[in-house]
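Novice: Modelling step: build the complete structure from the supplied sequences, incorporating the hints.
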Amino acid sequence: MRLHRFYVSPDTAELSHELWLRDDSLRNQWFKVLRYRVGDEIILFDGVEHDRLYKINRIEPDAVQLQLVTDFERKLPAKHIYLFFSLLKKDKNDWVLQKCTELGVRNFVPIIAERSEKTGFNIERAEKIVIEAAEQCGRSDIPHIREPLTITEALGEYKDKVDLLICDEAISVTNSPLPTTNNPTGILIGPEGGWTENELNLFKQYSLNHLHLGQLTLRAETAAVVASNKLLT
2 MRLHRFYVSP DTAELSHELW LRDDSLRNQW FKVLRYRVGD EIILFDGVEH
52 DRLYKINRIE PDAVQLQLVT DFERKLPAKH IYLFFSLLKK DKNDWVLQKC
102 TELGVRNFVP IIAERSEKTG FNIERAEKIV IEAAEQCGRS DIPHIREPLT
152 ITEALGEYKD KVDLLICDEA ISVTNSPLPT TNNPTGILIG PEGGWTENEL
202 NLFKQYSLNH LHLGQLTLRA ETAAVVASNK LLT
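At the far end of the sequence shown sits residue 234, using this note's numbering, and the numbering has no gaps.
Careful: at least some of the hints might be erroneous.
Said to hold, decoys possible - Below, simulated DSSO-like cross-link-like pairs (lysine-lysine); rule was C-alpha separation at most 27 Å, straight line: (1) K100 with K80; (2) K129 with K231; (3) K100 with K231.
What the hints contain is simulated information worked out from the structure, not anything from laboratory work.
Specialist: This is the structure:
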């Protein structure tokens with residue numbers, strides 16, 4: 002049987018040598034969907050410290066007892082990348098979160114640009130998407146997602162913490178030199194229709210370097226994946 006991975010928040014339970022788990026959602030998935038039984042093995046990770054293989058020892062009506070079998074080496078992204086992405090339609094936001102989690106983005110910062118979709122951003126839904134993507138791809142951490150910010154708020158908050166790069170299809174020159182500081186790197190991805198003149202002027206005021214993605218015009222969600230992959234590889 003294929004070993005499945007499941008995230009267990011440190012707030013829910015400590016991944017100790019012997020574990021009683023009472024999470025209703027996980028137990029429903031294990032016993033009603035996957036039909037696990039006593040003796041089956043599963044991988045649990047807490048996103049902070051542990052990736053561990055457990056065996057199911059006992060199944061009770063309100064809890065399941067798990068016994069530690071072994072520890073796995075944690076798989077973490079090699080680089081610390083922030084993705085600042087302008088809000089898109091819901092399904093496109095979901096796709097960006099899923100694929101960029103699989104690539105190794107560590108922080109997502111939704112941006113409210115002048116041409117962004119004005120629909121609300123459901124952070125609980127977003128967190129569920131990145132957890133499921135992390136479970137599937139095998140990474141040992143869970144990306145952090147924050148509430149949406151305006152561009153001005155994002156630049157003001159992160160300009161000294163993150164080395165920011167801007168993507169814009171109108172830029173036809175080669176890449177600026179990548180930052181050489183010890184800060185994380187952040188990439189700003191614009192909305193459908195691109196950045197406005199006001200926004201581009203704001204980026205100039207902050208002296209942002211740029212990341213060129215080629216001569217073709219990419220969809221915003223595609224640009225997010227291509228830029229993330231370029232910085233991570």
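Novice: If a hint holds in the structure, say so; if it doesn't, say that too.
Specialist: A quick look at each hint next to the structure:
{"no.": "1", "hint": "K100 with K80", "verdict": "holds (16 Å)"}
{"no.": "2", "hint": "K129 with K231", "verdict": "holds (25 Å)"}
{"no.": "3", "hint": "K100 with K231", "verdict": "holds (14 Å)"}
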